[in-house]
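Taken in order, these protein sequences are the chains called A and B.
So our numbering is basically just the index in the first sequence, starting at one, shifted up by 525.
So our numbering is basically just the index in the second sequence, starting at one, shifted up by 525.
There's no promise every hint is true.
Intra- or inter-copy, both count: the list cannot distinguish identical chains.
Stated by the list, open to error - Pairs of lysine-lysine residues, derived as DSS-like cross-links and limited to a Cα-Cα distance of at most 25 Å, are as follows:
1) Lys812 - Lys609
2) Lys609 - Lys704
3) Lys903 - Lys936
4) Lys529 - Lys936
Hints listed in this document are in silico derivations from the structure and should not be mistaken for laboratory results.
There are 2 protein chains.
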Amino acid sequence: MSVKNAFYAQSGGVTAVINASACGVIEAARQQAGKIGTVYAGQNGIIGALSEELIDTSLESAENIAALKHTPSGAFGSCRFKLKSLEDNKAEYERLIAIFKAHNIGYFFYNGGGDSADTCYKVSQLSEEMGFPVQAIHIPKTVDNDLPITDNCPGFASVAKYIAVSALEASFDVRSMAKTSTKVFILEVMGRHAGWIAAAGGLLEDYDIPVVVLFPEVEFNQDKFLAAVKAKVEQHGFCTIVVSEGTHWPDGRFIAEQGTRDSFGHAQLGGAAPVVANMIKEALGYKFHWAVADYLQRAARHLASEADVEQAYALGAKAVEFALEGHSSIMLTVERESSQPYRWNIGMAPLSEVANVEKMMPMDYISDDGYGITTACKEYLYPLIKGEAYPPYRENGMPNYVTLESQLVPKKLEPFDL
Amino acid sequence: MSVKNAFYAQSGGVTAVINASACGVIEAARQQAGKIGTVYAGQNGIIGALSEELIDTSLESAENIAALKHTPSGAFGSCRFKLKSLEDNKAEYERLIAIFKAHNIGYFFYNGGGDSADTCYKVSQLSEEMGFPVQAIHIPKTVDNDLPITDNCPGFASVAKYIAVSALEASFDVRSMAKTSTKVFILEVMGRHAGWIAAAGGLLEDYDIPVVVLFPEVEFNQDKFLAAVKAKVEQHGFCTIVVSEGTHWPDGRFIAEQGTRDSFGHAQLGGAAPVVANMIKEALGYKFHWAVADYLQRAARHLASEADVEQAYALGAKAVEFALEGHSSIMLTVERESSQPYRWNIGMAPLSEVANVEKMMPMDYISDDGYGITTACKEYLYPLIKGEAYPPYRENGMPNYVTLESQLVPKKLEPFDL
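Bound conformation, chain A alone:
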């Protein structure tokens, strides 16, 4: 029982590169076979631990594990399931520790965003108290890029690249059509609280594209916005709008919540893009097109950033190294050494400083008019979207993404009610 096993789980919304972190963890653990045992992965994230549905990654071929590096989504399944506070449901935490004990798990690698950092922290504390210390290490992952301390979060850079490239392509399209047809193109992007993803649209300015970006950090002012769009269309003949799903009125209501109803009086599910499109049609009369990228943006492994894939993988591998050095209750971080040339290291931050802190766009990254980004923001973004890490394709033209075997370990404990 001297060599402990590890538990790895994916949490929250998945990304184009979260599996690259899984690949890093599993490959590094395999290389340290004498020091660390089997990596068990939670089927559907932390729920897999609570329900003792543990995927035995040692039964996956080296080839399949390597293919995780170029496969988007969460290969083991993820979940949106936040453990309650210790006071409200200590039983959940005790169950986790019981599972870890039953399967001789001494390392807990949790790959997620803010909520999972919090869980990771609590598990580490409680396991000490309960006399079965588990080294809990958080591997950051979030397209929202809103975790503190780390320079950026794996997952974000690939979305930023996808949005910048896609918005550029669509802008070239609308520029072609503007003489007689579409004059405004609107792209809705993710980011309910932080405008990091929307900011990638601001890069288009460097390619002579008139662009208006709507950030969650800037209260929406309809008249000012319409005036900005009108000015750009009058000057350039067309305009691109990149709108964050989190764009909101001064009272906090999202602009996507327009109280729209269908012909039967049912509340209609919005989207910020069609709402903005309607405003423009009503006030300015321009022909427009709109797109909602939704999951396409965060799953777009076909256009991942090379830096993102490298960082996601490296953070996974380093988590094993840090664990074997005895670290616990930490989140791995990307530390930027220089932007030009782009150089970065991996660091660590105590989970006590990470949990429940959200990092918004700094206001000096947003231009004075509130509709674009500053040079400082561009200097931040360009290194992240640098390089293309294409997945391999099959002969038939489809990407060669892997679906794992996902064989479960036999259960040792009684069932637990979730």
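Could you slot chain B onto chain A? The hints should help.
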């Protein structure tokens, strides 16, 4: 005056590869410099001819012309402007011939869909009548893939690849989330009359993705559709829906036209995806996400099909060759020789047989239940999406798309009222 110049114009909605056809025309003409003069390109399509706004492509560097092959959109501008019938507005046709005469243009290369084939045909007829014969050659382009005779239309294959890959990626994403969160992902794609683009979503079946495709060729039946979605979610835990914007009720109304109104009572612009999402929410209660690809799909040069780029280029180059052989009033076609291995030739069809004919999906390409594609359809699609033709990227991570100089030729005629 023995060597005639050429006029090239882009028409209708642009694509990821229409500039590859332009590149083919211009590079082939440059190689035949003794036999064919300057290629003038219409600024904003045929409007550029009517208003005598002719771009002198001879002033563009060889490097910039070569870069057209990897640049999406219409580099010279396109337009949605259909010439009226000869009876209704003969003046427009006479104006075209006058412009061609003034600039010694003997070749008319028109790069577009069904409407432009019709215009091309009329110009060729009228120019004969008027004693200034112009060789009119139509280079097919349409993401809708609805032109007759040709096996496929340049522009379509890249959209098909983009939709198949993007839907696969998003399906992996929803599969990861389905345990506790999103169970249904809905992707809206182009194709108002023909379901070729939606059909690409049917390929996902080969990757163990439960998918329901909604075609414009199949009348929408809400109860049957919801039952199909429910069955797939119950069996697989999740489901992907690819819905064509042209999906319609038996009475012909598009499902996107739901008569929705915002809180001010204004008619709300729809999208088929949110309408389908609402149906699922109301009837089945599944958590869902939806995306509308819109321009992203047709502009996505970053994921173009290699076959598509090659064909678009080859058809442009061949148009020059056919013109110099004396052909006129033809559309170039792709002739499929074999699917495995994929072999194709370039042929030609008389414009009289092309104009005003729309090619729908054959019913034997759609599965019996109306929600998927058959083996025959897969055999048709796979060769088209084969191979990746990536654009070059700049050091900073953005694609190196070109914007041309677009210098206009001095005008020789009086203005013309459009």
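> When no copy is named, should Lys529 and Lys936 be tagged within, between, both, or neither for a Cα gap of at most 25 Å?
Replying inline: within (18 Å within a copy, 81 Å between copies)
>> Please sort Lys812 with Lys609 into within, between, both or neither, judging by C-alpha distance up to 25 Å.
In response: Between copies, since 22 Å is at most 25 Å while 49 Å is not.
> Should Lys609 paired with Lys704 be assigned to within, between, both, or neither, using CA atoms and 25 Å as the limit?
Replying inline: between (56 Å within a copy, 19 Å between copies)
>> If the cut is 25 Å between Cα atoms, do Lys903 and Lys936 qualify within a copy, between copies, both or neither?
In response: neither (51 Å within a copy, 42 Å between copies)
Hint violations for this structure: number 3 only, all remaining hints satisfied.
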